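Chemist: Chains as they are written, first to last, in this note's numbering: chain A, 1 to 182; chain B, 1 to 182.
Bear in mind the hints are in silico, worked out from the structure with no lab data behind them. It is possible that part of the hints are untrue.
Said to hold, decoys possible - Taking lysine-lysine and the DSS-like style, the derived pairs with C-alpha atoms no more than 30 Å apart in a straight line are: (1) B:98 with A:112; (2) B:98 with B:34; (3) B:98 with B:112; (4) B:34 with A:98; (5) B:112 with A:98; (6) B:71 with B:98.
Because the structure is a prediction, the values reported are computed rather than measured.
2 protein chains.
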Amino acid sequence: MRADAQRNRARLIEAAREVFREQGYDASLDEVAKRAGVGAGTLYRHFPSRDVLMDAIMQSWVDRVNDAADKVLVHEGEPRDLLLSWFETYVGLISMHKGGPAKITSAMGDQKSPIVTKCQTLTAATQRVVDRLEAEHALREHIEAVQMCRLVGGVAAVADNANLDQTAVRPLLEVIADGMLA
Amino acid sequence: MRADAQRNRARLIEAAREVFREQGYDASLDEVAKRAGVGAGTLYRHFPSRDVLMDAIMQSWVDRVNDAADKVLVHEGEPRDLLLSWFETYVGLISMHKGGPAKITSAMGDQKSPIVTKCQTLTAATQRVVDRLEAEHALREHIEAVQMCRLVGGVAAVADNANLDQTAVRPLLEVIADGMLA
DNA sequence: AGACTATACGGAGACAGTCTCCGTTTGGCA
DNA sequence: TGCCAAACGGAGACTGTCTCCGTATAGTCT
């Protein structure tokens, strides 16, 4: 890739990160281009769709997910606490941008989605939590990581849309946790 | 209201019902106006926003919700079956249009939303189910109807977005039910 | 260094959807 | 029948998406 192309790509990602944080997932893409100091054509050449751009933004986020899972898994204690702690972490991780939870959760399980890799990162991390709990025989049978992601993602999507705060989300997560624990 | 205004209002609702069913909640409003055979101005005078129009469409739906609750409550049997049966009914009721579940669920609890009345209808119906289960001491404590609506609505929203079918939704609802039952 | 060309850029503009404004029409009343 | 408040319609302003193509230039070759 030519040096100028590489520079513009980086600028676009940086600008998009800013704009999406400020205005949510629906922000104007032309605004992103303007903020990056490039033409609209350049943006669309690098990122043919909003989703592809989204995916690029989230590169660094993958590491964050894995670190978060590490941190949660170190914690010793009741299975219920572990599970809830992962749920809250999960909600935090997918709620970086307005509209993010819905976007991510609806892509969950869709192999053709432009953000598959991100979903896989999330399910893999969740799977680690599931494995740990299953080793302790703390989970009911037939609980799959994808289902967990969908349920918790659904809560996050609702919370995001309705601007619920953490205190309102907590009891919802508790219900899900209790529904999954043995 | 003048006779022509009344007629146009009815036509608009009819057209919107059609168009939304065909194209989902994001369908063009100008298309709705065209289909109704009126100008865009007329549409926006009657229904200043998409939500207000949505609300009008759902008038008949209110009766349907109450009927559905009646029907579910007659059913004798295990509390778990009752609850699951209401959940499935609920999902069906809010999934009439694409994008509907998210729209409705995110308005849940927002007193200023244009579709408050619809949300109230839903929570009231859900409350009846909660009351019944509480009378049988089948529910955990501190379970509120709004929470139930949010959780089930979250699942419905995800299912709607990801085009999940009923067999994929069922286990999610089971988890919620199990998390709420004593 | 200078020339060449594949690669990348920019932004005008086509297109689509939302919503408003205002000149025109009409229902219903006196 | 005449009046006018109420309602209509649709042109067009505005915003966002995305494409096309003339222009610029990074990297290479001599």
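Chemist: Please write out, lowest number first, the hints stated earlier that are contradicted by the structure.
Modeler: Number 4 - this is the single hint that the structure violates.
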